[in-house]
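Under the numbering used here, think of the first position of the sequence shown as 3, with each following residue one higher.
Mixed in with the good hints, there may be bad ones.
Simulated crosslink set (SDA-like; lysine to any residue; CA at most 25 Å straight-line) [what the hints assert, rightly or not]:
(1) Lys78 - Tyr181
(2) Lys36 - Arg83
(3) Lys78 - Lys138
(4) Lys233 - Tyr155
(5) Lys240 - Ala283
(6) Lys78 - Gly205
(7) Lys183 - Arg83
(8) Lys109 - Tyr155
(9) Lys229 - Asp178
(10) Lys150 - Gln171
(11) Lys188 - Lys150
(12) Lys36 - Ile59
(13) Lys232 - Cys172
(14) Lys50 - Val38
(15) Lys233 - Gln175
(16) Lys150 - Lys183
(17) Lys188 - Lys229
(18) Lys150 - Gly116
(19) Lys232 - Lys50
(20) Lys183 - Val121
(21) Lys229 - Tyr155
(22) Lys232 - Lys138
(23) Lys76 - Tyr181
(24) Lys68 - Lys78
(25) Lys138 - Leu81
(26) Lys176 - Lys109
(27) Lys188 - Tyr155
(28) Lys233 - Gly205
The hints are simulated quantities; they were obtained by calculation from the structure and are not laboratory data.
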Amino acid sequence: METTQELIDSLDPIAMRNKLLARIPEEDRGRIVKEVARELGYRFEEDKMPMQEFWAIVDEIDWGNKGDTLDIHKIKLSLMRRYSERELDQARERLDEMIYLLSRAIKEWERETGDEIEVYGDSWDDLLVHIVGCGKEEYEATVADPSKVLARYNSRDYQESFSYCFPWQCDYQKLDLEYYKTWARKVHDEWEERTFDTVTETGPRGETPKEAVLAWLRLVTLSPSVKHLKKAVEAYEKHDFLRMIRSLDIKKEHREFGRSTINEWAVRNLVDDAQKYLIPAWEEGGLRGEAGA
């Protein structure tokens, strides 16, 4: 005898769907269909950021007038402090939706006119997202008259990239002290096991570069608060730990070709992210709990 799955697989899926729907009481049908649609990834208007709120964020960023002078990291930090991850995911969803609608309008215009906007790859993405960044009025005018896209491209009146202003979920981790402590612990444990061939460098207390760098990584790992992490970052700059990191594991054959087998970015990115996100947010009172202590 056929199993239930074999029966489902063997029957017309449309007929099966209609029969199953007919068995759901009318008063429950709308709710159940909507729930299943959401589970399958369908997004209803009520699940999205209201358009008025999205365009308000766009106007606040003011990309069209200030895009070439904006500090992207400050914009992202400002948004993360005022909006939840879910809200900014919804904003990104709206951004993608606006790009799709604009792209569709352009394709229809190309079919109707026989003209073609020969822009591809990253340039195409940068161009469309820039138009969204110029605000609701400019965006809607461009959707109504896609020839404006060609004129903007020909005059190079766009820049990379408005989409960078919207943080990803992973960016929120950069507002958590534990993110940096875990990062430093991982680098420390990896580097502690390695034997380094160093040039003549010394740490702030006369120790070897490896000892100095590992001590600094432990300082970050054990930081009980952002205040202590900030002091570690200040020590990094004051004692030029980057110079010491670069001196690690540079063997003769690597020096001859200007290469190093140590990944300095493992620490540089930690410091950069702390300076761009965690420390400014803490100084402005934008952190909660122990991370802001």
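- prompt: Which of the numbered hints above does this structure break?
  reply: 2, 4, 6, 10, 11, 12, 16, 19, 20, 21, 22, 26 and 27
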